[in-house]
Amino acid sequence: MSEPVAVRILDREYLIACAPDERSGLIGAAAYLDGKLRELRNGSVNRGGGLDRIAVLAALNIAHELLALKQHAASTDGDLARELQSIKSKLDAGLPPSLQ
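Position one of the sequence shown corresponds to residue 514 (the working numbering), numbered consecutively onward.
One or more hints might be untrue.
[To be verified] Across the chosen pairs, the derived CB separations fall in these ranges: (1) Leu-580 with Ile-600: 22 to 32 angstroms; (2) Lys-583 with Arg-536: 17 to 27 angstroms; (3) Glu-516 with Gly-591: 21 to 31 angstroms.
Calculated from the structure, these hints are not laboratory results.
All of these numbers come straight from a predicted model, not from anything done at the bench.
Glycine included, each C-beta is placed from N, C-alpha and C at the ideal position.
Let the hints inform the model, and build the full structure from the sequences given.
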């Protein structure tokens, strides 16, 4: 069952419905987004434009981070699979045929 959770983003409160077991994740995501928005709002990136521009820039930055992490995870998974295959081949080579 969903419960409303209050989160603050750029000094505005939002009530978001979520399952109790997702509450901490929602609060963490809201804090992360708030930090990104504040960083952009206070930084040199905000040369005019309002909240819409800051929100789009934050969304693009977060999407870029997500895609980079997914690409890194896929690369790491491939490396791990190759290493496991190498270990398996070495083990197979060292076992007598009756145990393979």
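message: Hint by hint, where does the structure go against what was stated? Just the numbers, ascending.
response: Violated hint (a single one): 3; every other hint is consistent with the structure.
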